[in-house]
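Protein chains in written order, with this note's numbering: chain A, 30 to 207; chain B, 3 to 663.
Heads up, some of the hints might be wrong.
Stated by the list, open to error - Have a look at the derived ranges for each label pair, beta carbon to beta carbon:
hint, chain 1, residue 1, chain 2, residue 2, range
1, A, PRO67, B, LEU83, 38 to 44 Å
2, A, PRO67, B, LEU140, 41 to 47 Å
3, B, PRO547, A, ARG68, 37 to 43 Å
4, B, PRO390, A, ASP152, 36 to 42 Å
5, A, ILE48, B, PRO390, 23 to 29 Å
6, B, THR393, A, ARG115, 53 to 59 Å
7, A, VAL175, B, LEU376, 31 to 37 Å
8, B, ALA33, A, LYS191, 48 to 54 Å
9, B, GLY325, A, GLY141, 46 to 52 Å
10, A, VAL38, B, GLY440, 45 to 51 Å
11, A, GLU129, B, GLY540, 27 to 33 Å
12, B, ARG46, A, VAL38, 35 to 41 Å
Stated by the list, open to error - The calculated lysine-lysine pairs, modelled on DSS-like cross-linking and capped at a C-alpha distance of 27 Å, are:
hint, chain 1, residue 1, chain 2, residue 2
13, A, LYS172, A, LYS79
14, A, LYS127, A, LYS138
15, B, LYS519, A, LYS127
16, A, LYS154, B, LYS552
I should point out that these hints are in silico values taken from the structure, not numbers from a laboratory.
The beta-carbon is built from N, C-alpha and C at its ideal position, and this holds for glycine as well.
As a plain string of letters, each chain reads:
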Amino acid sequence: MRYLIPFLVFVTMVVFLAIGLTLDPREVPSPFIGKPAPRFSLPQVAETGKTFGNEELQGQVSLLNVWASWCVSCRQEHPVLMQLARQNLVPIYGLNYKDERAAALGWLKQFGDPYRTSAFDADGKVGIEWGVYGVPETFVIDKQGVIRYKQTGPVTEEVLQKKLLPLIRELEQEKTSS
Amino acid sequence: MIAELGHMALIMALAMAVLQSVFPLAGAHQAAPIWMAVAKPAARAQFFFLMIAITCLALSFVNNDFSVVYVAKNSNSALPLYYRIAAVWGAHEGSMLLWAFILGLWTVAVTVFSRGLSEEMGARVLGVMGLISIGIQLFILLTSNPFERIAPAPPDGNDMNPLLQDFGMTIHPPMLYMGYVGLSVAFSFAIAALLGGTLDSAWARWSRPWTLVAWVFLTFGITLGSWWAYYELGWGGWWFWDPVENASFMPWLVATALLHSLAVTEKRGAFKAWTVLLALFAFSLSLLGTFLVRSGVLTSVHAFASDPTRGLFILVFLGVIVGGSLLLYALRAPGIRDNARYRFFSKENLLLLNNILLVTAAASILLGTLYPLLLDALGLGKISVGPPYFTAVFAPLMAPIFLLAGVAPMVPWRQGEFVALARRLRYFFDGSLLLGWGLVWLWLDEDDYATMAGLSMAFWLAATMLFSLYSRIRLRSSWLEGLRSQSPSVYGMTFAHLGVAAFLVGVVLSNHYSQEKTVRLAPGESVSLGHYAFKFEGVSEVTGPNYQAKEGSFRVYRGDGEVAQLKPQKRFYRVQGNTMTEAAIDPGLFRDLYVALGEPLDQGAWSVRVYYKPFIRWIWLGGLLMMAGGLVSVSDRRYRLLARPAVHREGVPVGALTKES
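Given these sequences and hints, build the entire structure.
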């Protein structure tokens, strides 16, 4: 019987590891969840003269996707975003992070533009205020302009169906109060 | 085309791994020599295909083929060639391929150096290694294929993580993996012995050199990793109790215990069930480490992409391999008989105590590493366990090990004389206590009991090791004769234990007497730290192959003499847009001087961090000494003699062969 002890201890450990797999340790670190989105106002990628800022995010549920033309993972998530944009379920805004304007415009032209607008954050200052630590990241923002969720890494079909869309539907139900 | 060839080769390797495990294992069970004979050619073919696969990936990097996703994500055309090759294992997919490749390398080594093994044993060992290969290669093919393409191909790649663009990175992962994966050989020997019921001292003698070599690599890998973290991360620390570091340290502790336990099993035929269990644990912890790192269940500075499907796959793999082996152990262990007799105070029992302490240390690290996960899984909140826990638990467990390591070599097998030994060692004990206390009291801080204790233990260990070597040599007629007559194992042990003493000196002195300052320096200003003055001369621009750097220039004086010129950099890597701090270090046997640039301030001034770190090199020096000890031990002729019977056996009919073994 005592020879079974290592096996039993191991089985217990595996059970915990399996539960651990369903949890995400990274969900905690973002202190921005549940807080109003940090203030910003940036020129747009497409039209230098126009700005894009928090006002546009008010009064509707929206996604803010941090992207860059130099980011390979963005290329992977791009088809998912394009499809989401076609379905017109939720407006997607872009935050073009530490990029060059010509490269960013070329990228959008080559692969398609899923964004209503993209803000141009050349030096990455706004990204830092938003707590971005890698590209791509996607924020879900509610009607009050509060950050409700952050996806670190590419938005896959699975993430979209299981996390983002249910959350967006739920947030759509919330009343606008201001 | 090259990537597809690599992909195909990997699939072929998997097919070979299936052959390598199915036929030999079934053949050993059915006593069918023809089936067992599949093992060696299949293992070699598997390695051949793995070699093609990894070469193809390396070629994709060399040729800047950015249509391969993995290359596009981890390389750039501006990246120097040697980093493009190291980039093969710079991220998840490729490092798993390296893992599989190294397993193939060990498997081939077993086919080459195991000619003296009985046929069943050899077939089973290779069969079990084949099973592990199948798991890891399926994992790569199904969840982490490094040969995946992307269309259209990006014009240029995302560049390698700048943290990894360093000499240490090019060799740290291969060395560490050689150690991790090398433990699979001892594991497979243990499983084969459990399956065949041949758990004897021959099995222990076979396992020893393999375990030693794997342990040498693991020691080297961990030492390199620690050194790399010290100079590259720019925090001036050498160990952070990060989950990934723990994942490499736990197998090391258990492998160390295994080495000591194998000696007992080989020489005395004792602790068989325990030794087998340690062999299973050592590799299981390596696999667990892989799981922890790859699945993203824990947060770590080594944050690799976390992906639940990958995590689930490794967990199932872990469950099958480790669960299966522990179940086999539970079935077979009750039948294992130890036939050794020994008294309470004997080398056997002292080594058992060492084992218990080492395994307890590994278990407490495991607990600390998994604790945040346990609480989270039970819904009790998210916490993190940091260095305070580990130092509080680890130091008291290690202290008796250091004391014990000085005593055990002088205690004979079977039965020792406690009183006589105590009388002989009493002066060493008092002497080292006095020396440790005196040194600290005279030159350092008179109330610093931790350093006193640490230094005393180091003196004790070094003195008793040299004394035990001296007592062995004294038995011979002359010094030279005495030195020559000692076996490499004795020298190996002496080196390794002296390494532990050196390590201990490094740890206590650098922990307690390091000094650091963060100051604002304008060009021409100086800061003094201890006996040294650091003069800042200004910052210039430097252009690297894929980065721009601001390079500070410092002159360090001690009194009036100039000691060193240091040029720390702040690098901006263009592609990923990251800024990296490259510290500049003036290394020395007794102290390191360390300068890192912080942030630029107004008017050409910078925030600058300077460190003075006494004896920190001794930490890695200790690691290297331990490694050297392991290498010396492996060269022991006893292990090579084993290959000899095989030479005689060639041409002997199969029937005769099995009887002989």
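Verification of the supplied hints:
1. A/PRO67 x B/LEU83: 38 to 44 Å: The hint (38 to 44 Å, Cβ to Cβ) holds, given that A/PRO67 and B/LEU83 are roughly 42 Å apart.
2. A/PRO67 x B/LEU140: 41 to 47 Å: holds (45 Å)
3. B/PRO547 x A/ARG68: 37 to 43 Å: Holds, since B/PRO547 and A/ARG68 (Cβ atoms, about 39 Å apart) stay within the stated range.
4. B/PRO390 x A/ASP152: 36 to 42 Å: holds (38 Å)
5. A/ILE48 x B/PRO390: 23 to 29 Å: Holds - the Cβ-Cβ distance for A/ILE48 and B/PRO390, about 26 Å, lies within 23 to 29 Å.
6. B/THR393 x A/ARG115: 53 to 59 Å: Roughly 56 Å apart at Cβ, these two residues keep to the hinted range, so it holds.
7. A/VAL175 x B/LEU376: 31 to 37 Å: With Cβ atoms ~32 Å apart, the hint holds.
8. B/ALA33 x A/LYS191: 48 to 54 Å: Holds, at about 52 Å.
9. B/GLY325 x A/GLY141: 46 to 52 Å: Roughly 48 Å apart at Cβ, these two residues keep to the hinted range, so it holds.
10. A/VAL38 x B/GLY440: 45 to 51 Å: Since the Cβ atoms of A/VAL38 and B/GLY440 sit about 46 Å apart, the hinted range of 45 to 51 Å holds.
11. A/GLU129 x B/GLY540: 27 to 33 Å: At roughly 31 Å between Cβ atoms, B/GLY540 and A/GLU129 fall inside 27 to 33 Å, so the hint holds.
12. B/ARG46 x A/VAL38: 35 to 41 Å: Once the Cβ atoms are compared, 38 Å apart, the range 35 to 41 Å for A/VAL38 and B/ARG46 holds.
13. A/LYS172 x A/LYS79: holds (23 Å)
14. A/LYS127 x A/LYS138: Holds, because 19 Å separates the two Cα atoms, which is no more than 27 Å.
15. B/LYS519 x A/LYS127: This hinted pair is violated, its Cα atoms lying about 33 Å apart.
16. A/LYS154 x B/LYS552: holds (21 Å)
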